[in-house]
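Protein chains: 2
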Amino acid sequence: MRGGNWVGVVGRRLRKQTSYFSVHSTSSTSTEYPNILGPYLPDVWTPTNQSHRPQSSAIFSNGNSARIIDGKPIAKDIKFRIAGEIQRMKAAIGKSPGLAVVLVGQRRDSKPYINIKLRACDEVGIATMVEELPESCTESELLDVVSRFNEDPSVHGIIVQLPLPQHLDEEKIMTVVSPEKDVDGFHPLNMGNLALRGRQPFFIPCAPKGCIELLLRFGVQISGKRSVVIGRSKIVGLPTALLLQRHHATVSTVHSFTKNPEQITSQADVIVSDVGIPNLVRGNWLKPGSVVIDMGTNLVKDTSSRHGFRVTGDVCYEEAIKVVSAITPVPGGVGPVTISMLLSNTLDSAKRAFRFT
Amino acid sequence: MRGGNWVGVVGRRLRKQTSYFSVHSTSSTSTEYPNILGPYLPDVWTPTNQSHRPQSSAIFSNGNSARIIDGKPIAKDIKFRIAGEIQRMKAAIGKSPGLAVVLVGQRRDSKPYINIKLRACDEVGIATMVEELPESCTESELLDVVSRFNEDPSVHGIIVQLPLPQHLDEEKIMTVVSPEKDVDGFHPLNMGNLALRGRQPFFIPCAPKGCIELLLRFGVQISGKRSVVIGRSKIVGLPTALLLQRHHATVSTVHSFTKNPEQITSQADVIVSDVGIPNLVRGNWLKPGSVVIDMGTNLVKDTSSRHGFRVTGDVCYEEAIKVVSAITPVPGGVGPVTISMLLSNTLDSAKRAFRFT
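Listed in order, the protein sequences are those of chains X and Y. Quick note, the first sequence lines up with residues 18 to 374 if you use our numbering. Quick note, the second sequence lines up with residues 18 to 374 if you use our numbering.
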């Protein structure tokens, strides 16, 4: 599966990550293999089929159409409850939650995500602060901004919008965000407490939390089930795998080094994908009757659309709905629930800070 | 596989863990499912066959005998190099590494492990301090001891021997150990940095590190290979799975909730087991030509032995050697290398503290 020169959504994310090589190369000691932690290699997927249109003959069908896991009403319900809680907080103690967003540079593709988050905060009564820094800002300037938000008692959640420009050490900056305000759940302390069963992180990353929320709300049994996570990003794939395991699924993680990933995915009862390649997961990758959570968010050209593109997931939806028992659409599946989980994490943080129950 | 009433090595460990229920029950908020992190359920395995003697007719054979992955000469080699490094450190700066061991109560089964560690430290020139506390000590007394070692500049590694008595909060105490002296690698910050590719924990847990060391030294290809970890303990199973994934294996974790685990293990090129049940893994669980790392350490009755028992792993060795291409024996496989990894972690910590390269 490797070695392709596919570039796109994932490609951009990877260029940043290759800089971790330098972190790695300093770690060797004379008493151990320098590569005991494994060589850092970026995940480069090569799509099996560039076509965005399904080959319907390639799939097997269970004869039924799948249940659509619609995230919008669930997100609405969660937001409604959050808004109620914030009103109750304001009435009782005169306080409300605050979210700070740090934005470096003018990445055109970051803006819509930020705007969605800000609008959602506004809807439920979370105050927002946006700090915009120029593309050329120094690491020290960025760290100062983060530290200021760490100290600010009106801020309960801090988001540093990723990816950052190449010259900034993303890992270092994520570590400086206070674990108690890390509403994205990316701090290594929170990730460790997510990995270690019996422990409690301050925050669970929003997209994986949204994934589990959907599975629970739709009554999908997780415990004892075979589940496969396609992709191992620190934002989605890794924490989703850890969370599924906490729910006692038997979890396999498939990534760009996996040979014949479809052999593994086709054994799974629950499949979660977050790779960033449209139509990577074809109908014949899926077990009949399985449940699919498509976490991919890919922009593909579409001349028939007003914007010239449309949003699609990693799963070939038209093929999948003929095979699986339930599937999230893209857009409108995990996405809206992910946003509501950010609001939920911010509210939880404020409650903790104010000791409000 | 669940529901049995098997008690033994694993049973004891589990009794302690059930106390995490209380940590969990405080975590719900009104805006989310209380069980988004999953219900905390202990792993209770039921052995498929209590017999310690193999049924040779049950296995399939590749006709060859397996290569034995002997950990003893490798451990000796690592210890030799560590001793040399410590001599060099003493000669250059007049300092040597120090390891502190905290022992609560008089657990008969903890003593041999502690003694092996202390003797190994002595052999290579690591100073050791043992603090013994009575079974009835309070949490505050134990935390004071740990904090004192955290502050002590002559201490570079701290081990709190597990399991602790029921009345002590193991998770809390492990979090108080400074991440920079956590030579066991169990602190959530270190575990998070192990999980997150591209990051560097201060320490990797010793047994998983030993497992990878053996695979690397024996030239076993990990990248792109199917690997299965049987058991998901925070000490062995979880960090081993995370480490194998950093080496780009396709990792599946099998645990007590997994139905028909042999269907998954029999697809794996590399199998690691740490469950605590003798002979759980039979010949027909294994793929011909695969590599087996047996991390189990189980005491079974043996009237023919001088001590009345013998040590055995999780894998039915007599069956496995007819199927696999390489396997670690128990004892004498991962065990000795695990001890040498503790020494290596302690040396690394001292080098970091003294800025000695």
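The hints are simulated quantities; they were obtained by calculation from the structure and are not laboratory data. Glycine included, each C-beta is placed from N, C-alpha and C at the ideal position. Be careful, since some hints might not be right.
Some but not every residue of chain X turned toward chain Y, in silico, with C-beta under 7 Å [claimed, not checked]: (1) Gly-55; (2) Tyr-57; (3) Val-61; (4) Thr-63; (5) Val-119; (6) Leu-120; (7) Pro-170; (8) Asn-210; (9) Phe-235; (10) Val-237; (11) His-264; (12) Thr-267; (13) Arg-323.
Pairs of lysine to any residue, SDA-like flavour, derived with a Cα cap of 20 Å [claimed, not checked]: (14) Lys-368(Y) x Leu-233(X); (15) Lys-189(Y) x Gly-122(Y); (16) Lys-96(X) x Lys-368(Y); (17) Lys-93(X) x Ser-240(X); (18) Lys-276(Y) x Lys-93(X); (19) Lys-276(Y) x Ser-240(X); (20) Lys-276(X) x Val-237(Y); (21) Lys-189(Y) x Gly-241(X); (22) Lys-276(Y) x Gln-217(X).
Sample of chain Y residues with no beta-carbon within 12 Å of chain X, all distances over it, derived [what the hints assert, rightly or not]: (23) Arg-125; (24) Thr-267; (25) Thr-275.
Right, here's what the structure says about each hint:
For Gly-55(X), the suggested interface contact is upheld, since its CB lies about 4 Å from the closest CB of chain Y, less than 7 Å. With a least beta-carbon distance of about 6 Å to chain Y, the hint placing Tyr-57(X) at the interface is held under the 7 Å criterion. A least Cβ separation of about 12 Å between Val-61(X) and chain Y goes past the 7 Å threshold, and the interface hint is therefore violated. Given hint, Thr-63(X) at the interface with chain Y, is violated; its Cβ is 14 Å from that chain's nearest Cβ, farther than 7 Å.
Given the 7 Å rule on beta carbons, the hint for Val-119(X) is violated: about 20 Å separates it from the nearest Cβ of chain Y. Taking 7 Å as the C-beta contact cut-off toward chain Y, the hint placing Leu-120(X) at the interface is violated, the least distance being around 23 Å. Of the supplied interface hints, the one on Pro-170(X) is violated, with its beta-carbon coming no nearer than about 20 Å to a beta-carbon of chain Y, more than 7 Å. The closest approach between the C-beta of Asn-210(X) and any C-beta of chain Y is roughly 5 Å, which is under the 7 Å cut-off, so the hint is satisfied.
Taking 7 Å as the C-beta cut-off, the interface hint given for Phe-235(X) is violated, the closest approach to chain Y being about 12 Å. Nearest Cβ of chain Y to the Cβ of Val-237(X): about 13 Å, over the 7 Å cut. The hint is violated. Checking His-264(X) against chain Y: minimum C-beta separation of about 4 Å stays under 7 Å; hint holds. The beta carbon of Thr-267(X) comes within 4 Å of a beta carbon in chain Y, closer than 7 Å, and the hint placing it at the interface holds.
Taken as an interface hint, Arg-323(X) does not check out: its beta carbon lies about 35 Å from the nearest beta carbon of chain Y, beyond 7 Å. Annotation: proposed proximity of Lys-368(Y) to Leu-233(X) is violated, straight-line Cα distance about 48 Å (limit 20 Å). Simply put, Lys-189(Y) and Gly-122(Y) have alpha-carbon atoms about 18 Å apart, close enough for the 20 Å limit, and the pair holds. At roughly 51 Å between alpha-carbon atoms, Lys-96(X) and Lys-368(Y) are farther apart than 20 Å, so this suggested pair is violated.
Of the supplied pair hints, the one linking Lys-93(X) and Ser-240(X) is violated, its CA atoms being roughly 27 Å apart against a limit of 20 Å. Proposed proximity of Lys-276(Y) and Lys-93(X) is contradicted: the alpha carbons are some 37 Å apart, above 20 Å. The straight-line distance between the Cα atoms of Lys-276(Y) and Ser-240(X) is roughly 10 Å, inside the 20 Å bound, and the hint therefore holds. For the hint pairing Lys-276(X) with Val-237(Y), the CA-to-CA distance comes to about 17 Å; that is within 20 Å, so the pair holds.
A hinted pair counts as satisfied when its Cα atoms are at most 20 Å apart, and Lys-189(Y) with Gly-241(X) does not qualify at roughly 29 Å. Of the pairs offered as hints, the one joining Lys-276(Y) and Gln-217(X) is violated, with about 27 Å between alpha carbons and a cut-off of 20 Å exceeded. At roughly 26 Å from the closest C-beta of chain X, the C-beta of Arg-125(Y) stays outside 12 Å, upholding its exclusion from the interface. Once the 12 Å rule is applied to beta carbons, Thr-267(Y) is inconsistent with being away from chain X; the minimum gap is 4 Å.
Here Thr-275(Y) does not stay apart from chain X, with its beta-carbon only about 4 Å from theirs, under the 12 Å limit.
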